[in-house]
Amino acid sequence: MSFEPKIIGILCNWCSYTGADLAGTARMKYPANMRSVRVMCSGRVDPGFIFDALAHGADGVLICGCHPGDCHYVEGNYKCMRRIPLTQRLLQDMGIDPRRLRLEWVSASEGGRFQKIVTEFTEEIRALGPLKLRDMKFDMNRPDRYSLMAEAGDTVHTY
Amino acid sequence: MVKVTIDGLEIEVEEETTILKAARQLGITIPALCYNELIEPYAVCRLCVVELQRGQRTRLVTACNYPLRESVVIRTNSERVQRLRRMNIELLMARAPGAKIIQDLAAEMGIERTRFPLEDSDEKCILCGLCVQACSDVVQAYALGFSERGSKRVIGPPYDTTPETCILCGACAYFCPTGHIKMTDTDGRILHSELTLGPNAAITLPFRQAIPNVPRVNPDYCIHMKTGGCELCVKVCQKEAINFTELAQDSFEEFEVGAVIMATGFQDFDPTPMKLYGYGVLPNVLTSDEFERMNNAASPTGGRIVMENGEEPRSIAILHCIGSRDEHYHKYCSRVCCMYELNFAHLVNVKTSAEVYQLYIDMRSFGKGYEEFYQRILDEGVNVIRGKGAEVVPAYQKRRGEGGLLVCCEDTLIGKYREIPVDMVVLCTALEARADAAEIGRKFNISTGADGWFIEAHPKLAPVSTTTEGIFLAGVCQGAKDIPDSVAQGAAAAAQVMKMFCQGELLMDGAYAEIVEDICSGCRICNGLCPYNAITYDIEKKVSAVNPAMCKACGTCVAACPSGAITGRHFTDEQIYAQIEGILA
Chain A
1 MSFEPKIIGI LCNWCSYTGA DLAGTARMKY PANMRSVRVM CSGRVDPGFI FDALAHGADG
61 VLICGCHPGD CHYVEGNYKC MRRIPLTQRL LQDMGIDPRR LRLEWVSASE GGRFQKIVTE
121 FTEEIRALGP LKLRDMKFDM NRPDRYSLMA EAGDTVHTY
Chain B
1 MVKVTIDGLE IEVEEETTIL KAARQLGITI PALCYNELIE PYAVCRLCVV ELQRGQRTRL
61 VTACNYPLRE SVVIRTNSER VQRLRRMNIE LLMARAPGAK IIQDLAAEMG IERTRFPLED
121 SDEKCILCGL CVQACSDVVQ AYALGFSERG SKRVIGPPYD TTPETCILCG ACAYFCPTGH
181 IKMTDTDGRI LHSELTLGPN AAITLPFRQA IPNVPRVNPD YCIHMKTGGC ELCVKVCQKE
241 AINFTELAQD SFEEFEVGAV IMATGFQDFD PTPMKLYGYG VLPNVLTSDE FERMNNAASP
301 TGGRIVMENG EEPRSIAILH CIGSRDEHYH KYCSRVCCMY ELNFAHLVNV KTSAEVYQLY
361 IDMRSFGKGY EEFYQRILDE GVNVIRGKGA EVVPAYQKRR GEGGLLVCCE DTLIGKYREI
421 PVDMVVLCTA LEARADAAEI GRKFNISTGA DGWFIEAHPK LAPVSTTTEG IFLAGVCQGA
481 KDIPDSVAQG AAAAAQVMKM FCQGELLMDG AYAEIVEDIC SGCRICNGLC PYNAITYDIE
541 KKVSAVNPAM CKACGTCVAA CPSGAITGRH FTDEQIYAQI EGILA
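Protein sequence lines, in the order shown, are assigned to chains A and B.
By the working numbering, the letter at position 48 of the first sequence is numbered 48, and the numbering carries on one by one without gaps.
By the working numbering, the letter at position 171 of the second sequence is numbered 171, and the numbering carries on one by one without gaps.
What the hints contain is simulated information worked out from the structure, not anything from laboratory work.
Worth double-checking, as some hints may not be accurate.
[As the list claims (entries may be wrong)] Examples of chain A residues lying across from chain B (beta carbon under 7 angstroms, computed):
{"id": "1", "residue": "21"}
{"id": "2", "residue": "35"}
{"id": "3", "residue": "40"}
{"id": "4", "residue": "46"}
{"id": "5", "residue": "53"}
{"id": "6", "residue": "69"}
{"id": "7", "residue": "79"}
We put the beta carbon where it would ideally sit given N, CA and C, even for glycine.
Work out the full structure, taking the sequences as your base and the hints as a guide.
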C-alpha cells in the first residue's frame with residue numbers, strides 16, 4: 001500500500017478558513033490528506049499544537065493565516081510569523097525535518113491558492129515519507145545522531 | 001483734560017494728545033506725509049507745522065508729535081504757517097520729484113514747480129524713515145536702516161544686500177508714504193501649483209464659505225509669529241478680539257466618549273514621480289484638484305480657466321486613472337474620477353470654446369443619472385478617446401506655437417497611436433489612503449488593508465463597523481467612494497452609534513480570553529502582545545487581567561502565555577488538542 005501522509009492544517013478563521021471554504025464551494029479538488037483545525041487567528045497557534053500533532057502521528061503541519069498587513073486582529077499573523085521559524089528550528093534539533101512544518105498566507109478570496117498549497121505540501125510530505133517518530137533513537141553523543149532520520153529519507157537543514 | 005482752541009474752535013482733549021489728533025477730531029486737516037498713527041511720530045516731513053500761541057508768544061511746532069499739556073491757541077493755516085509749509089513742500093519737491101503725493105500737495109498750495117535744483121527726477125524717497133521704524137519697531141526684523149550722512153543720506157538694507165533678517169513681510173512698502181518702496185510680483189504669471197493658496201495676507205478668511213465665517217491668523221504669514229513684534233491687528237481691532245497670548249498656546253483637550261466615527265478621508269496622489277506626465281516640470285499640466293480650485297468662483301482666477309500666461313486655452317486633455325488602476329501605484333479604481341472628469345469637460349464647454357479630449361481606460365458611469373450625464377457630454381461634442389494617456393511632451397513651434405503640449409496615447413477603438421496637441425493637461429489623480437492612516441489605525445486598534453484603507457468588520461454584512469467595538473467608519477477612509485456613498489455611510493455609522501447608545505447595554509461576544517489568577521506568574525508578556533490593550537496588570541495582586549469588553553478573542557496571548565494561565569474561551573487548549581488528536585486517532 002502506498003504511503004498516504006496525515007497532515008494537520010491549522011487555519012485562521014477570517015482568511016484561510018474562508019479561503020478553504022471558497023475552494024470547497026468552487027469545487028476545487030485537493031488531496032484529502034489535510035484535516036483542518038480552525039483557530040480565530042494564526043497568532044493563536046501555540047507551538048504545542050504542532051508538537052502534539054506530530055507526536056500523535058501527523059506527518060506534516062500546515063499553518064495558514066491572513067497575508068501580512070491584512071490581519072483581522074491587526075497583527076496576530078506577525079506573531080505567528082515569528083513563532084514558526086523558531087518552532088522549525090526546535091523541530092530540527094529534535095531530528096525532524098523542518099519542511100514538515102509550513103506557514104503560508106491565504107486570503108479569503110484565494111481558494112485557488114489554497115488548493116495549490118495543499119496539493120504541493122501533500123506531495124512534499126509524501127516525498128519525505130512517514131515521520132517514524134517512535135522508531136527514532138536519540139543519542140546526544142553520536143555524531144550521526146539523526147542517522148535514523150536519514151534512513152527515513154529526511155535531510156537535515158542547517159540555518 | 002486740557003482745553004485748546006484750534007482755528008477758533010474749542011475742544012477738550014486728554015492730556016498728552018497730539019495737536020494732529022485733536023485737529024482731526026475737529027475735522028481740521030493738517031497735511032502730514034510722514035505720519036502714521038500706528039507708528040511713533042518722527043516729525044521729519046515738517047508739513048504738519050502749526051502756529052502755537054501761549055500768552056503773547058507764538059511759535060511754530062510740528063502737530064504730529066507735539067503733546068498738548070495746557071490751554072493753548074493753535075492756528076493751523078495762518079500766513080506764517082502757510083509760508084513755512086510752502087517752503088517745506090518746495091524743498092521736498094526738489095528732494096523727491098518723482099513722488100506724486102508731493103506734487104499733488106504742492107498743487108493744492110498753488111505751487112507748480114520748485115525753485116531749488118532737482119537732485120534726481122525719479123527720486124521718490126523723502127527720508128522720512130517710516131519704513132525703518134516699521135521694520136525695527138513694528139516688525140522687529142531690523143532689516144532696514146539709514147546709511148551715509150548729510151546730502152548722501154539713504155535708506156536701505158545694510159551694504160545694499162538683502163539681509164537674512166528680512167522676512168519679506170512688505171511692511172516697509174505698506175508704510176512708505178510716497179510709494180518709493182514697492183512689492184512687485186516679478187513676472188506676473190499665474191502659478192497653477194499655487195492655486196490652492198488663498199490670498200496670502202496673514203489675516204484672512206480661510207475661504208469664502210468658511211464656517212465660522214470669521215478671519216483667522218495664518219501663522220505662516222503672521223509677522224508676530226515670525227519675529228514676536230507687530231501686533232498691529234491687536235491695536236487696530238476695536239472689539240479686542242485678537243489675542244496672541246491664547247493663540248500662541250495650543251491646548252490639548254481630553255474627552256471621554258462612548259463611540260468614535262472615523263471619517264479621516266483621503267489624500268490626493270502626487271503625480272510628480274510619474275515623470276512621463278511632466279507634472280511640476282511642464283507648464284499647464286495640472287492635477288484635478290488644482291483644476292477644480294481654478295474653476296471655483298472664489299479662486300484667484302475668479303473661476304476662469306486660464307493657462308499660466310493668462311490666456312484661455314484652446315484645447316484641454318483630461319487624463320483618467322493617473323495613479324489608480326496602475327500596477328506600479330494603486331491597483332484599485334478610484335471610482336469618483338470618471339464622473340468629475342465628465343463634469344470638468346462640461347465646465348470647459350460652458351466657460352470656454354476649448355476643445356476637450358477625455359482619455360480613459362473604461363468609462364465607469366455607475367450611479368443614478370450618471371450614464372445620462374455621460375450621454376449629455378457626448379452630445380456636447382467632447383472628444384472621448386479610449387486609451388490611457390501615455391505621455392505628455394512639450395510641443396514646439398512647428399506644431400502649436402511655443403508652450404503647447406502633446407499628449408501621446410493609443411486610441412484602442414481605432415487601433416492607432418495618436419499625438420494630440422493641447423494647451424492644457426488635467427491629470428485626474430487617484431484617491432489614496434492618508435499617509436498617517438496606519439498610525440491612526442494603530443491608535444484606534446483598527447487595521448488597514450494592503451491599499452491603506454481602514455478595514456471594515458465584514459465587506460458585505462458590517463460595512464461601517466470595525467473589528468474594534470465602538471469604532472465606526474464613514475467615507476473615503478474606508479475605500480474610494482463618491483459623495484452620495486460617503487453620506488450614506490456617514491448616516492449609517494451615526495445610526496450604528498445611536499443603536500449602541502439606545503440599547504443601554506453592550507452585547508458581547510461569548511469568546512474572549514480569561515486569565516486564571518492562581519496560575520498567572522505576572523510576567524506581563526501578554527500585556528504588550530494584545531493589539532486591543534485589553535490586558536492590564538494588577539500591581540497589587542501581581543497578575544494580569546483581561547477586560548472582556550475589549551478582548552476580541554484572537555488568542556495571541558493564549559498562545560504566548562508561558563505558564564498556560566490564559567484560556568481562550570471556545571478555543572481552549574484542551575479543545576484544540578482534542579481536535580488534533582481526534583483527527584489523528
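Here is what the structure says about each hint:
1. 21: 15 angstroms, violated
2. 35: 4 angstroms, holds
3. 40: 5 angstroms, holds
4. 46: 4 angstroms, holds
5. 53: 5 angstroms, holds
6. 69: 6 angstroms, holds
7. 79: 5 angstroms, holds
Of the hints listed earlier, the one the structure fails to meet is number 1.
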